[in-house]
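A.B. asks: Start from the sequences and build out the full structure, keeping to the hints where you can.
In full-length UniProt numbering, the protein residues as written are 1 to 344.
Please note: incorrect hints may appear among the correct ones.
[Said to hold, decoys possible] Here are the simulated EDC-like cross-link-like pairs (lysine to aspartate or glutamate), alpha carbons at most 20 angstroms apart as the crow flies:
(1) Lys-322 - Asp-215
(2) Lys-132 - Asp-114
(3) Lys-58 - Asp-288
(4) Lys-132 - Glu-172
(5) Lys-133 - Asp-157
(6) Lys-132 - Asp-113
(7) Lys-179 - Glu-274
(8) Lys-344 - Asp-55
(9) Lys-58 - Glu-274
(10) Lys-133 - Asp-113
(11) Lys-322 - Glu-220
(12) Lys-179 - Glu-191
(13) Lys-322 - Asp-300
(14) Lys-179 - Asp-55
Derived by calculation from the structure, the hints in this document are not laboratory data. In this text, all values refer to a predicted model and were calculated from it rather than measured experimentally.
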Amino acid sequence: MPAQAHRRKGLDWSQIPYFNLVKHLTPACPNVYSISQFHHTTPYSKTHTGEKYTDPFKLGWRDLKGLYEDIRKVLLISTTELKEMSEYYFDVKGKRATALIAGMIHTASLVHDDVTDDASSRKGKHKIWGEKKAVLAGDLILSVVSIAGAQIGNATDISILTQVIEDLVCGEFLQLGSKENENERFAQYLEKTFKNTASLIASSGKAVSVLGCPDPVVHEIGYQYGKNVGIAFQLIDDVLDFTSCSNIGKPTSADVNLGLATGPVLSACQQFPEMNAMIMRWFSLPGDVDRAPQYVLQTDGVQQTTYLAQQYCCEAVREISKLPPSPERDALIQLSEIVLTRHK
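C.D. replies: Here it is, written out as structure tokens:
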């Protein structure tokens with residue numbers, strides 16, 4: 001939940017029903033349906049500056065294109081099987097465009113996540129080594145993260161990045177339980193979303209700014225931008241679980257199959273109270289997994305979750321717009337719109 005909205009309204013999450021929650025947040029963003037329109041209302045509007053569209057991926061490609069090989073180099077292992085396994089997990093299109101340490105933390109979390117979820121595939125690749133070896137592969141990647149972090153030589157940066165690992169573990173523990181109260185359940189969902197997804201992006205943004213700028217205000221901007229974009233990214237991911245088929249690398253309603261209640265499901269409970277019992281039993285009875293998506297698609301749960309993601313992206317744009325005009329800043333604004341409009 002954007003912090004400014006809470007301070008301004010003095011709200012208590014647990015006292016606000018879900019539908020009222022998004023209504024209370026509306027003043028935080030003048031136009032939740034178009035980040036680009038919001039951008040045009042800022043002092044740094046492209047309308048006023050005449051700047052062209054800045055592609056965030058093209059802008060960062062020069063710096064990021066060598067990271068894939070850097071990751072492979074630091075994962076040079078003498079044990080043949082471990083070397084093969086570590087390379088396997090980084091042989092997925094898109095991994096090279098990830099910062100070295102953040103990319104390894106992210107991948108280690110995916111490896112361990114597949115084990116805890118008992119998943120047979122990740123991004124289209126099938127599990128071939130079994131649980132024990134997969135756990136060891138994830139541990140190996142995290143050990144290399146420790147070595148790479150030490151080589152940075154900046155204690156503050158190391159502390160920021162290692163906090164991500166703690167958050168990932170705490171997020172998994174949050175996912176193991178569910179609150180009976182609907183409002184507490186939704187607050188827990190947002191907290192889990194931050195720890196499992198947004199913490200990595202927020203901390204990476206802060207860590208980079210610490211290395212490049214001594215101003216703590218800039219550090220906080222980097223953190224808040226990453227936090228809000230990260231939460232929005234996961235909210236849209238949860239929406240795509242009900243609106244997309246195979247192009248996101250996992251089957252539709254995969255989260256429900258795992259017993260997880262995400263934003264669209266929690267919203268649907270407002271109109272179908274019987275879903276509360278399904279959530280508490282982790283969709284474990286025959287027919288639960290089939291009925292839950294049907295209920296969701298009969299409500300505006302997808303729209304409400306998308307709406308909330310737009311709120312977070314607006315907050316991200318507000319934060320990053322505090323920085324002076326630059327191609328990099330504009331690319332990050334464009335990235336927030338890409339997060340909202342992605343289909344995979």
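A.B. asks: Are the hints correct? Go through all of them and say.
C.D. replies: Status of the hints after comparison with the structure:
{"no.": "1", "hint": "Lys-322 - Asp-215", "result": "13 angstroms, holds"}
{"no.": "2", "hint": "Lys-132 - Asp-114", "result": "12 angstroms, holds"}
{"no.": "3", "hint": "Lys-58 - Asp-288", "result": "44 angstroms, violated"}
{"no.": "4", "hint": "Lys-132 - Glu-172", "result": "19 angstroms, holds"}
{"no.": "5", "hint": "Lys-133 - Asp-157", "result": "30 angstroms, violated"}
{"no.": "6", "hint": "Lys-132 - Asp-113", "result": "13 angstroms, holds"}
{"no.": "7", "hint": "Lys-179 - Glu-274", "result": "15 angstroms, holds"}
{"no.": "8", "hint": "Lys-344 - Asp-55", "result": "18 angstroms, holds"}
{"no.": "9", "hint": "Lys-58 - Glu-274", "result": "48 angstroms, violated"}
{"no.": "10", "hint": "Lys-133 - Asp-113", "result": "14 angstroms, holds"}
{"no.": "11", "hint": "Lys-322 - Glu-220", "result": "11 angstroms, holds"}
{"no.": "12", "hint": "Lys-179 - Glu-191", "result": "13 angstroms, holds"}
{"no.": "13", "hint": "Lys-322 - Asp-300", "result": "34 angstroms, violated"}
{"no.": "14", "hint": "Lys-179 - Asp-55", "result": "41 angstroms, violated"}
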